[in-house]
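When we follow the numbering used here, the leftmost residue of the sequence shown carries the number 1, and every step to the right adds one.
One or more of the hints may lead you astray.
To be verified - The list that follows gives simulated cross-link-like pairs (lysine-lysine, DSBU-like), each with its CA atoms no further than 35 Å apart:
hint: 1; residue 1: Lys68; residue 2: Lys229
hint: 2; residue 1: Lys86; residue 2: Lys288
hint: 3; residue 1: Lys291; residue 2: Lys131
hint: 4; residue 1: Lys291; residue 2: Lys84
hint: 5; residue 1: Lys131; residue 2: Lys288
hint: 6; residue 1: Lys229; residue 2: Lys210
hint: 7; residue 1: Lys291; residue 2: Lys68
hint: 8; residue 1: Lys291; residue 2: Lys264
hint: 9; residue 1: Lys68; residue 2: Lys131
Treat the hints as calculated values from the structure; they're not laboratory data.
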Amino acid sequence: MIDPPQIPYNLQFAVGHEVFGLVPGLIMYATIWLWEHNRVCDILKQEHPMWEDEPLFQTRRLIGETIKIVIEDYVQHLSGYHFKLKFDPELLFNQQFQYQNRIASEFNTLYHWHPLLPHTFNIEDQEYSFKQSLYNSILLEHGLTQIVELFSRQIADWVAGGRNVPMVIQAVAKTSTEQSREMKYQSLNGKPFASFEELTGEKEMAAELKALYSGIDTMELYPGLLVEKPRADAIFGETLVELEAPFSLKRLRGNPIYSPQYWKPSTFSGVVSFKIINTALTQSVICKNVKECPVVVVVVVVVVVVIVFFVCLFWVFLFIIIIIIIIIIIIIIIGFF
1 MIDPPQIPYN
11 LQFAVGHEVF
21 GLVPGLIMYA
31 TIWLWEHNRV
41 CDILKQEHPM
51 WEDEPLFQTR
61 RLIGETIKIV
71 IEDYVQHLSG
81 YHFKLKFDPE
91 LLFNQQFQYQ
101 NRIASEFNTL
111 YHWHPLLPHT
121 FNIEDQEYSF
131 KQSLYNSILL
141 EHGLTQIVEL
151 FSRQIADWVA
161 GGRNVPMVIQ
171 AVAKTSTEQS
181 REMKYQSLNG
191 KPFASFEELT
201 GEKEMAAELK
211 ALYSGIDTME
221 LYPGLLVEKP
231 RADAIFGETL
241 VELEAPFSLK
251 RLRGNPIYSP
261 QYWKPSTFSG
271 VVSFKIINTA
281 LTQSVICKNV
291 KECPVVVVVV
301 VVVVVVIVFF
311 VCLFWVFLFI
321 IIIIIIIIII
331 IIIIGFF
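Could you build the full structure based on these sequences and the hints that come with them?
Now the structure itself:
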């Protein structure tokens, strides 16, 4: 982890990437996945008691729980699609499909979603600015459980719509634009948009873009994604979703490990490991590693309440039926005599 000189030693973490300790979300996920790694290693050790640390570690690396989570939780949520995305590599086994580990540079660029970071973080009735949240400060003060609670409830900002790149991350947008120029990307207008007004959905920002670009066909990719009008009730514009979804799914499904040659229990050391991959979800990973899981508690409480309600409703209904039957019998007996 790269820490500025003013960061005290007790706030510095040794994590899997040099910037994972920069913002609370990264260190939260880095910690949870470290714990999940160890948890699954314990399961592997039970299945293979003779294995030493190195085969445990290397086999654990193959057990890619993230793939199912990315498709069924992450891409599903961000896409806004109303149909259910499903991770099932076997759907492609009878089709011609190219398995490869390649990424388009445009995909790498459009994934700079730094504007999604909220301007402030609200945790336990305290508000922290973006700068105050850097370098593990709120994680150490409030603990991992509260950080999970924070990110489960706080709404992110948006990427599209313009005027949403805070000063602290403007360097990222600038660098992304400069790299796009060096790579000689095509312009954004492959859709195409007829005007800057159609792109932005407003006149003021469109006028500013007219002053910067000679025409809509010269609108650059990354700046265009930032100023495009968002989809209804969404954080992205239509162009980003149309680009990101196929790029993302093709890249995820294109990993050779999901080909017929490798996608089988023996690749992952057995049926138990294979089941871990095929049943992974964000909620289950968090709840198996974090002390408290309020989301699960809420779900359990709701289920219990619903069950109790219907059980009570059943007995009330049965009681009414019995009363009616008794009344009918009494009426029949009275009428007989």
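Distance restraint between Lys68 and Lys131, which requires alpha-carbon spacing of 35 Å or less: At roughly 33 Å apart (the allowed maximum being 35 Å), Lys131 and Lys68 satisfy the hint.
Does Lys288 sit within 35 Å of Lys86, going by the straight-line distance between their CA atoms? Holds, at roughly 23 Å.
*Holds or violated: Lys291 with Lys264, Cα cutoff 35 Å?*
At roughly 33 Å apart (the allowed maximum being 35 Å), Lys264 and Lys291 satisfy the hint.
Hint check: Lys291 vs Lys131, CA-CA at most 35 Å. Holds or violated?
At roughly 28 Å apart (the allowed maximum being 35 Å), Lys131 and Lys291 satisfy the hint.
Checklist entry - Quick one, are Lys68 and Lys229 close enough, alpha carbons at most 35 Å? => result With a Cα-Cα distance of about 30 Å, the restraint between Lys68 and Lys229 holds, given a limit of 35 Å.
> Given the hint that Lys229 pairs with Lys210, does the C-alpha gap stay at or below 35 Å?
Replying inline: Satisfied, since the Cα-Cα distance of roughly 16 Å is no more than 35 Å.
(message) Need the status of pair Lys291, Lys84: alpha-carbon distance at most 35 Å?
(response) holds, 30 Å
Check the hint pairing Lys131 with Lys288 against an upper bound of 35 Å on the C-alpha distance. At roughly 31 Å apart (the allowed maximum being 35 Å), Lys288 and Lys131 satisfy the hint.
### Message
Given the hinted pair Lys291 and Lys68, is their Cα-Cα distance within 35 Å?
### Response
holds, 24 Å
Consistency note: the structure conflicts with none of the earlier hints.
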